[in-house]
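Dock chain B against chain A, hints included.
Here is what each chain is made of, one letter per residue.
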Amino acid sequence: MTAAASLTLAGIHGFVWIRRRTALDSLAFCILAAGTAGMAGCELWMMHLNVLEDYGTALQLYNFLRWLVTIALVVFIHFSLKAGRPWLEWTVIGTRTLGLVLNFIVSPAVYYTSLEEIRRIPFLGSVVSVVDGIPNPLTIVGQLSLLLLAAYLVDTTLRSYRLHSPNRALRVGLSSVFFVLALSLQMMLVLWGVVDAPLVASLFFLGIVIVMGIELSEDMLRAARLAETLQSREVELGRQRQLTDAVLEGAPGILFLQSREGDMVRWNSQHEKTTGLSRQETSIRKSPEFFSEADRPLFLAQCARVFEEGSAEFEAEVLSKDGSTAPHLLRLTALELQGSPHAVGLGIDISAKRAYEREAANQRQKMEQLTRVASVSELSSSLAHEINQPLAIILSNAQAAQRLLARENPDLRELQEILDDIVAADIRAADVIKRLRSILQQGVPVLEPVAASALIDQALKICLPDLKAAGIQVVRRLPKRLPLLPADRIPIEQVLLNLFKNACEAMQECRERVLTISCVTEGPVVRFSVKDTGCGLPEDTDSVFEAFQTTKLRGLGLGLTICQSIVRAHGGRLWADRNRTRGATFHFTLPLNPESL
Amino acid sequence: MSASPKIYLVDDEPALLKALTRLLKAEGFDVASFVSATRFLEHPRPTGCGCLVLDEAMPGMTGLELQSRLNAEGCDLSIVFITGKGDIPMSVRAIKAGAVDFLTKPVKDSELLSVIRQALEKSEARVAERASVTLLRDKHDRLTARERDVLRLAVQGLPNKQIASDLGIVEQTVKVHRSRVMSKMGAESFAQLVLFSEKLRTFFPQ
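In the order they appear, the protein sequences are chains A and B.
Add 1364 to the 1-based position in the first sequence for this note's numbering, that's all there is to it.
Add 167 to the 1-based position in the second sequence for this note's numbering, that's all there is to it.
In case anyone wonders, no lab produced these hints; they're calculated from the structure.
Since no wrong hints were added, every one of them can be taken at face value.
Label-pair ranges, simulated between beta-carbon atoms:
| # | chain 1 | residue 1 | chain 2 | residue 2 | range |
| --- | --- | --- | --- | --- | --- |
| 1 | B | Ala-264 | A | Ala-1794 | 31 to 39 angstroms |
| 2 | B | Ala-264 | A | Thr-1945 | 40 to 48 angstroms |
| 3 | B | Ala-295 | A | Leu-1783 | 41 to 49 angstroms |
| 4 | B | Ala-199 | A | Thr-1905 | 50 to 58 angstroms |
| 5 | B | Ala-199 | A | Leu-1783 | 21 to 29 angstroms |
| 6 | B | Ile-262 | A | Cys-1874 | 29 to 37 angstroms |
| 7 | B | Gln-285 | A | Thr-1885 | 56 to 64 angstroms |
| 8 | B | Pro-213 | A | Thr-1885 | 47 to 55 angstroms |
| 9 | A | Cys-1874 | B | Ala-199 | 33 to 41 angstroms |
| 10 | B | Ala-295 | A | Leu-1769 | 34 to 42 angstroms |
| 11 | A | Lys-1844 | B | Gln-285 | 53 to 61 angstroms |
| 12 | A | Thr-1945 | B | Gln-285 | 53 to 61 angstroms |
| 13 | A | Arg-1937 | B | Glu-232 | 38 to 46 angstroms |
| 14 | B | Ile-262 | A | Leu-1779 | 32 to 40 angstroms |
Pairs of lysine to aspartate or glutamate residues, derived as EDC-like cross-links and limited to a Cα-Cα distance of at most 16 angstroms, are as follows:
| # | chain 1 | residue 1 | chain 2 | residue 2 |
| --- | --- | --- | --- | --- |
| 15 | A | Lys-1825 | B | Asp-179 |
| 16 | A | Lys-1825 | B | Glu-180 |
| 17 | A | Lys-1832 | B | Asp-179 |
Built from N, CA and C at the ideal position, the CB exists for glycine as well.
Chain A extracted, bound-state conformation:
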């Protein structure tokens, strides 16, 4: 019965070992169980022996099987509890092997020096054979090995208890210790003739075998459960992979996952398309290599920032294999992956946006050019007057001089006066042309110190005829002391002119027509204000600065837009207020300190 049970277990675990060659504990257990079965068979054989010589042979075989079982047990415990001390293991195996060697040297067996007789005794309800003999003192080697085995088991159990799973250590360790001790006791008592009973060591080994069998089966069950979990985890992982693939591919640009060191972990097909690099080529490159040489330091700096602050957003040029680049808006986000810092990068191609911006800037520039031309044409009547006046003066003076010279005694003093007047008029004409040119090709303002009052007076002088013609009363409110301010004279006069003209037009339909011009120093700036008593402004005063916003029948509605750009180029501000009573006031500031530009 013992043999049958052991063989079954041996078969099962032998099969397990064949399927899983690495499961050495199963192999050891298989040998252990098979050995136990052998021992049981051997014991049964001994119980029914009648010839003394056969008993000797049986005992030798029996001893061999015990050696086998002991070794298997040590090996099994070694793999099962994984806590044995190697030197103790080798000592157990060594002593046991010594016992085996002695067993085959000494005749008839290591247990007895000589066998006397076979007796028949009743045992568990049947009659069995036992042998009487003189015990061999060398048996102590076998017993010693058993005690060492017990010590090894106790030690391993304790170590395993502390190191690994306490329950398993207790179950396996204590049961084997118990059975080994019981076995040693039984054998000693039988061999030394203290108790009249046959050798039944296999029964105790069977105990060990069963306990271990249960333990191993539980292992197998656990392994099966683990396998099941693994399989479902694998399915889940596959699903997650599909999901991340979809996310990667669905991204609106290049998407990549990189380690802190810049190694590429994953990336989408858009990344390969943009860089023109294959999967293989991408995998051997570091992340900064996908950017233009000029942007690499930027990328590295931003990467460093990501791992400190968590995220970063910046623009960089993605380099293609063919050498071309495409501007991208990049967003890097840090994340922890398998315990090490990584970063996910998303890059959106902004070439189209850039092109659009460039186009818009071009358009704006063209528009501004156009506006200047338009505003020039708006002002052309007063400018034409301005330029024709000195030309007329020059012409008439010159022709008068010609006539004077034709006389016999020309009046040289008068001729001198004429020439002086011509020079003065010429300078005036040149000034007008300069003004016209500076309006047409407006660039960076050329700042020179100018008196605020001079700016106002010059602008007033130009449009005074128009103001008077329109019946407008001009009030000039300037403090006595005004600082010189750095400004480009002509464009600023242009701004004032425009404001005067607007005020003039706003008051066309009004009975009370007063234009008040004031100028004050306010901390670091000088503020110019042009106030009218005209038709006023809409609620949203800022809207009048928008291009093409006009209430006039003629004109493009660009005048104020140009004024604003001129004032801004000076580092100042232009805005409008609705007056409390009626009309509007336009203010603009110019900084006194050009360094603050």
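Same frame as chain A, now just chain B:
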């Protein structure tokens, strides 16, 4: 110099005023200059022929405004406009109101002088015309009431019979009045009488 025709210059630009004065004086004209229309109006109104060289765009009263004011007064000065920023509607208005020309700055001396001479001729003609019309008016004033009635109806082309019936007198009396009107007005023919009558109506609508 006071006998020579007078040129009046009005321009808000003193430097130009000075230059034009020099030019015209060199040409032998008697020149008076004013920096605004108001200044000109403050000056005693000139009599006889003369030329007004007027800048259109001036602060205060503009050239066109001064022109209409002088026209209302029945001034015999011819007006020449000079402007820095004239446009077509403005020049049309000026010419319609009797201006001799509308020049754009800068003006060449030859052009200016020829226009001024033309203007002076016109002014002279107008002065002469005004003198002859004044003479006619004096003659007309000396007619009796009945003679004026006969004149009015005769120049309309009515036959004597019709005039007689309209006025309630006999045809013979009409003939006597008619010959007396002819001699009083100094007309050598009936056609001349019609011409005189038209002239009077143009200058004195009543």
